[in-house]
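Participant: Sequence:
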Amino acid sequence: MFARLILSLRRSIDWTVILLLSACPAFFTGCARPPADRQETVALYQSPAPPSVPAIFSPAYLVKEPSQEFNKIGTPRAREAPGKDPELFVDPGKPSIYYETQDFLTEKGRYTNLIYRIHFQEVPLDWGKINLTAGRNPGLLVIYTLDENADLLLVTTVQTCGCYLAFLPTTALPAEAFPPDWPKEPQWIYGYTLPSRIGHPGSNTDDRIVFTLASETHRIVDVQVTGGDSRQAIPDRVDMDLMPMHALYSLPYRNGTVSFFETAGCRAGYVKNNTKILERLLMSWWAFDLYVGEDKAYSIHDKSGAVFYTSLKFWARQASDMKNFPEFLSYWGWNL
436 MFARLILSLR RSIDWTVILL LSACPAFFTG CARPPADRQE TVALYQSPAP
486 PSVPAIFSPA YLVKEPSQEF NKIGTPRARE APGKDPELFV DPGKPSIYYE
536 TQDFLTEKGR YTNLIYRIHF QEVPLDWGKI NLTAGRNPGL LVIYTLDENA
586 DLLLVTTVQT CGCYLAFLPT TALPAEAFPP DWPKEPQWIY GYTLPSRIGH
636 PGSNTDDRIV FTLASETHRI VDVQVTGGDS RQAIPDRVDM DLMPMHALYS
686 LPYRNGTVSF FETAGCRAGY VKNNTKILER LLMSWWAFDL YVGEDKAYSI
736 HDKSGAVFYT SLKFWARQAS DMKNFPEFLS YWGWNL
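Positions in the sequence shown are counted from 1; adding 435 to them yields the working numbering.
Where hints are given, some of them may not hold.
[To be verified] Label-pair ranges, simulated between beta-carbon atoms:
| hint | residue 1 | residue 2 | range |
| --- | --- | --- | --- |
| 1 | K738 | G544 | 21 to 31 angstroms |
| 2 | I735 | D676 | 17 to 27 angstroms |
| 3 | P621 | A751 | 23 to 33 angstroms |
| 4 | P614 | N690 | 49 to 59 angstroms |
| 5 | G663 | G544 | 26 to 36 angstroms |
| 6 | G544 | Q659 | 25 to 35 angstroms |
[Said to hold, decoys possible] As a list, the in silico DSS-like pairs of lysine-lysine whose alpha-carbon atoms are at most 25 angstroms apart:
| hint | residue 1 | residue 2 |
| --- | --- | --- |
| 7 | K519 | K529 |
| 8 | K499 | K529 |
| 9 | K738 | K519 |
| 10 | K564 | K499 |
Read the hints as simulated data drawn from the structure, not as lab findings. Virtual Cβ for every residue (Gly too), placed ideally from N, Cα, C.
Please put together the full structure from these sequences, using the hints given.
Facilitator: This is the structure:
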């Protein structure tokens, strides 16, 4: 009887998702819908490479509609505000990118993750498009996985809420490391088409991987390896400050510092001032997570118990937790 109840529950969840997708596709594709054909302005955000890291392994971001404050890559800050002590926000007037390295070991070898994190003022609540991820202080992670020979094997991208996960293997990744069902054609990531493989930035070149970001949602809509001449041809170029990831835990405030993340209570490990109203309303009840869609810490400095899950299947929460990177890769079929 208990097994029948569980089966019924899983079926009801599946049907709920299907009904929401079929009856209200705008809720799930409004934040994933490619923009209408029109002339768009762009700005290229780039930064110096971290110490001892080749410049080819430093990402650049092509931001659409950069005149909009919410599209600009910013810097998390703290300020005094009525009823909040303090208020955490992202300042679009000063762009920063946060960086750290993490090593991990599998049966196949030792690897290094170069982790890059950026944040934005908000995903606006636009009822004309229904941005499901609407909320303040959202972010994006880009992770480069290198082997012991410093070859870039895999790029992982994900919003800092754990959603819209994408894997971008390079031509240096051995065939046996791919999931069995990995496509040869471009892959579909919740409304956008991304390459299923990317080139390896050439050593001793000025190549960089450029991630094109959609307006409003900051979704990755294109990924390309580009040379310096191509980037120089973009007239609007913005330099980002390169900051250590631990700086997010000590933002200047009054005569001291404050963390960008909650440090106690049931929201420990989550970005402050970051409630996602639509996701909580539409998804929390079937995802079994009141804080679904809210952005989280991802760092060796994070001591919280917040699970950085990348699958909405509640029974796969631990297996898809990106904080345990080897298990996370295994869950998604990668054999590194």
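Participant: All hints are to be evaluated individually against the structure, with a verdict given for each.
Facilitator: Hint-by-hint comparison with the structure:
no.: 1; hint: K738 <-> G544: 21 to 31 angstroms; result: holds, 28 angstroms
no.: 2; hint: I735 <-> D676: 17 to 27 angstroms; result: holds, 21 angstroms
no.: 3; hint: P621 <-> A751: 23 to 33 angstroms; result: holds, 25 angstroms
no.: 4; hint: P614 <-> N690: 49 to 59 angstroms; result: holds, 52 angstroms
no.: 5; hint: G663 <-> G544: 26 to 36 angstroms; result: holds, 32 angstroms
no.: 6; hint: G544 <-> Q659: 25 to 35 angstroms; result: holds, 28 angstroms
no.: 7; hint: K519 <-> K529; result: holds, 23 angstroms
no.: 8; hint: K499 <-> K529; result: holds, 17 angstroms
no.: 9; hint: K738 <-> K519; result: holds, 24 angstroms
no.: 10; hint: K564 <-> K499; result: holds, 17 angstroms
Consistency with the previously given hints is maintained throughout, with no hint failing.
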